[in-house]
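Chains as they are written, first to last, in my numbering: chain A, 4 to 98; chain B, 1264 to 2536.
Read the hints as simulated data drawn from the structure, not as lab findings.
Among the hints, a few may not be true.
[Claimed, not checked] Label pairs and their calculated CB-CB ranges:
(1) Trp39/A / Cys2318/B: 18 to 24 Å
(2) Lys1371/B / Pro88/A: 44 to 50 Å
(3) Leu86/A / Val1364/B: 45 to 51 Å
(4) Pro88/A / His1481/B: 38 to 44 Å
(5) Ser35/A / Leu1477/B: 42 to 48 Å
(6) Ser2485/B / Trp39/A: 24 to 30 Å
(7) Gly1460/B / Ser17/A: 33 to 39 Å
(8) Trp39/A / Ser1696/B: 51 to 57 Å
This one's a predicted model, so the numbers in the text were calculated from it and none came from an experiment.
In this text, a Cβ means the ideal position worked out from N, Cα and C, and glycines have one as well.
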Amino acid sequence: MSELAGADRFNINSQLEALQTRYVGTGHADVSKYEWIVNQHRDSLAQYVGKHSMLQYFAVAENESISRVGYQMKQKMLLPCGLPPPPKEEEGEDE
Amino acid sequence: MHLYNVTLQRPGACQTAINGNFSAPKVQEIIASKGTAIELLRPDQHGKLKSIAFRECFGIIRSMAAFRLAGANKDHVVIGSDSGRIVVLRFDAEKNQFEQVHKETFGKSGVRRVVPGQFCCVDPKGRAVMLAALEKQKVVYVLNRDSQANLTISSPLEANKGKTIAFDVCALDNGLENPGFMAIELFYGEADVDDTGEAAAEAQKMLTYYELDLGLNHVARKWSEPVDNGANKLIPVPGGSDGPGGVIVCCENFLVYRAEKHEEIRCVIPRRTSLDAERGVLIASFASHRSKNGFFFIAQSEYGDCYKVTLDWTNRKVSELKMKYFDTVPVCSALCVLKTGFLFCGSEFGAHALFQFIALGDDEESAESSSKTLKKIDNATKKKGRGKNDDEDDEEEDNFQPVFFNPRKLKNLALIDEIESLSPTIALASNISRKEETPRLLALCGQGPRSTFRVLRQGVPLSEMARSPLPGNPNGVFTIRKSKSDTTDAYIVVSFTNATLVLSIGDTVEEVTDTGILATSSTLAVSALGDDDDGSLIQIHPSGVRHVRGNNKGVNEWRAPGRKKITACACNRGQAIVALTGGELVYFELDEAGQLLEIEKIETSSEVVSVDIPPIPDGSLRAKFAAVAGYDSTVRVLSLNPGEALRTVGVQATPSPPESVLLLEVNNKTTKNKKAGSSAPPSMFLNVGLSNGILVRCEVDRVSGALSDARSRFVGQRPPKLNRIEMNEESGFVALSTRPWLGFNENGRFSIVPACHETIDRACGFASEQVPEGIVAVVDGSLRILACENLGEAFSQSSEKARYTPRAMSTHPDDPDVVAIIETDRGIIGFEDRTGEETRNEYIVEAPPAKKPKKNEEEDEEDDEEDDAYQLAPIEQFGAPKSTANDNNNWSSCVHIVDAANAETLCVQEIKNNERLVSVAHAYFAKADEVLLVVGSVKNFVLQPRDCDGGMIRCYRYKRGGGKSSNGETTANGKSGANKAITGLELVHETPCEGAPFALRNFEGKLLVGVDDVLRLYDFGKKKLLRKAECAQKFPSFINDIRCSGDRFFVTDACESAFFVKYVREDDQECSMHIFADDIAPRYVTSMLPLDRDTVAVSDKFGNFAALRLPKDVSDEIESDISGGKHAALTSSAALGALNGANNKLQACAQFHVGDVICSLTKCALQTGGSEVIVYATLGGALGAFVPFASKDEADFCTHLEMHLRIEAPPVLGNEHGAFRSSYFPVKAVVDGDLCEQFGRLGADAQRRISEEMDRTPSEIVKRLEQIRARAG
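Construct the entire structure; sequences and hints are all you get.
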């Protein structure tokens, strides 16, 4: 690690950045708890919507139609974990 | 441990379906995606849906679209999958399989939120395809054709927008202008950073238009406009010269027509009168139909109501959007309107159906809503019914006058065919009843009112078409076809010990005497002679051969010499062989003048048991070979060629004396579309049934007659008798052993499968107009016509309807026929409340209930509905009535006791007071000294976030005999003898507990209960169950299953895999329990199966299977420790409350990804005397098995074959097979038999390459695979 020259380190950073823009949800050192959990939830929801068998599983449990369950999951992706915390306080609390 | 995964029953759930012309021009076909497989379906001329091809894809299919290149006459298919690749497939009719045309990578594999594949749509003119992800990414490929009219595909053009969720994407019909795509999008970027919630409340769905500029080769986001926040689906409207273009946006409760520079046109979705005003109506699926005269759409709501949607338009201007109630069918995930006037309904749950349009809903009386009559109403008078999620942004929405209708019986659609589906299979168990020798599977299938309890028995179902009693006990049955070109049989000949009966087949079956057949003797064989229908017949009876000459020219009789009798014989339309006592063989042939001449006579070394001559092949004068089986355990193939007649050309020694022989010609062609003879010549197989119950099949060389490649299979205790029948438009056979087996050619592969029927004594092929490929059989002294309707079905089933969705079952330990099922459903009106006349939530059904009170309809509606085209009871057609939206968390539950032997209800006990049943078990209580039924329930259960007002454990005693049951006589007849019928349940006592008792298990006369995260032992008390002991540690989420093996318990947690718990008996009174081992992986366990004392198999909700094993040294250590490792366990980190902190860890000794939620694991031998396999059921309705390998060598063989096939036959969706099977956990010690079996489908070149690598011949490989498969059944 110590051998990494400045250019390489920059390179790795830019690679990470490229990953972060390309793949939503790729973490970084300063990721907040909220961001992290929201990404987790959106990933899970997308997984459920993308796999018909999972939708079916939920639909049987909830006794709703598959299309309704899928719609609700997509709808939930807007705000999967409730409102974000106020921006100021977050820094202090992040420990 | 090494396992081999095979599919026993294909999945039934249909997720999407598309229609088009795939195999040939103008052939209306459907491609349905079934989880990880695609299936091509085609309705035949009678409207029966036939499965043409089925392809396991080893990947998850998420979306499909069909397209046609300009000038082409067949459709291609684009599939959006989890492979991160776009795949274009074409159906190759010659090979009868899907072929990959293009495969381009655009992203990572897996179901991810930003990798396209979720949506897939194609420009109607076939110029461009868009694949979109749920979030952000959209890629467009331009489709083109090269000079040879081959499809070419461009590099991807991206049209991404970050932080945007796509609800639906569709391709617009822009005619010949630039292709355009429309998407419903929602931007969440602002909501994510606004902590006041204002941005989230104001988040607005946008309708965004993307245009592909073909000239610039560039996708532009042209415009984006706000659309109703309930929007969920887009229906593209035909454009160009056929229509106005644009889209219909399906929103909650509304349809909205939108197009560029066009005003919004809105109409409400008609609602059921009975539906609570608070509940929204979503469109679940739609199908569009366009013809020269116009177009319309069939849209279906989430409650199953179909609407016909039409537009009034002139000159690209839409003036009116109309929506008319059409019919109600079970909710579909895919609808397809075929040009031939059929509607294919791929149901979300349960059987799929094919309907025929008998009207187009042009009547006046059905409710219709229109954009013109749309009326606004005051906010004060009526609150608009919207989903909960939208409540926050519901501030000042307009409210509109709803349109109501009452669902009614089918009026515009007529049911033509149904495709059975086990989906969703919720639970599976296996047991062996007392009466039957073969094991059976018990399955809980379906959802809501369409759910069933099913008993599955392995074997192709044979349905009985007719039955007639016979005067005596026949010793033979034959059919006669008049002329060779006939497709139906003319006579059935039944032979008795001293008489022969001839029945003519027509509208009725009548005895005839004018055929010339000798009626006073028994018959050994009979056939018509010659190619034409001139009435000439050959009848072979024990003392001679009778030749009835055609055109009434009289009868010639050949008498067996001396006192010899004919012991065996065979004949076809021009040849006959008779075997006389002493082993003499005489061969006859029909000459051109119509004379039956004795050609040759030989002596053989032993008595002959059985002879066979195959039918004369088309275009030949005679069959070239005959087969003769002798008591000396040899089977010979004799040449029948002129000049060398009856010369032995092939010999096969058999391990035990043969009983019956059959020579079968099997075409090697892979499809039935091809004419015979155009490809490889047919091959010939010699089938021999041995007296020890083994069926041997050898290949016969077409030229020399030499025998090779013998394969054998045990079919039953009785020596199999072989009879020729027609199957799949080719010759096949039925082998009659203790149960019948069918041998037939299926897509170029010969398979031998058991049929589900009682023992058949005699059988013969049978064809009539109603039954083109049937069997006439003698069973128990009566004559029956049997037909096999679906050879693809591996199981035959009997079923009993359930009230609500069944959730779990338990078999009575002393009586395998008594099964207790718990059924529960959420948010509906309880079964008993539905009868209430004027209650608030009464369910309104128009015509049908007039016949009888609704209460009985589930049980016995069928019998009374003989005149109805549609067999569904109203409740099944319309679905259970929904409760009000406020009551969405109310639960209706019942305990249902069924008799598995006859699949019928014994009694039903409704559970009141908003309780959800969660567990069921039979428990023997030592203190009560009887077996009680224990049912666990939860009060006021809320699914999300999980909450409840405590649980209840109820103990019931079966009431037997005496009292009157819920459905009278059937019950009384159901069980007889000493074991009195169960007539009801008597509550012994109920025990409240603080949480949900999700798991119950009997243990040493007591009851183990998982109450939420606590494992507790209860003992029987007089007034309630008494707590005895509690596990020292708590479980991470909640316990969902408990199994016992001695003093060791296997406990699974809903989110954290399996735990091993040790039970320590300290003295007579005291006992304790502690966790001593757990797993390292978080598995959301759905089902558990103990394999041995140290091993459990678990399946999880993401479709993984794993076998977890406690290392041997740890196991020994625990066993040798008097306290069972208690001290170590209680000082471990788990005892201190750490998650998964047990001091011993389980190791995964096998892991495998199935690709569908596995809901049940069970262990059984599917065949009598077969080896035990792990059978699993998936939610998609597939049944599969993990077969343990018999030897290391076999495991090596399959592992290598799998490795080669991964290269030679990569999955058609473009993903890596190994990667798919390792989606969550790396695949370990499981070989995918479904992939190995693809070997048979490969071309000869690839087969040879693989077999050379493996140092074997292709047929050896196939044979070996068949052997392993045969073990699974």
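> Quick check: which numbered hints come out false for this structure?
Replying inline: 2
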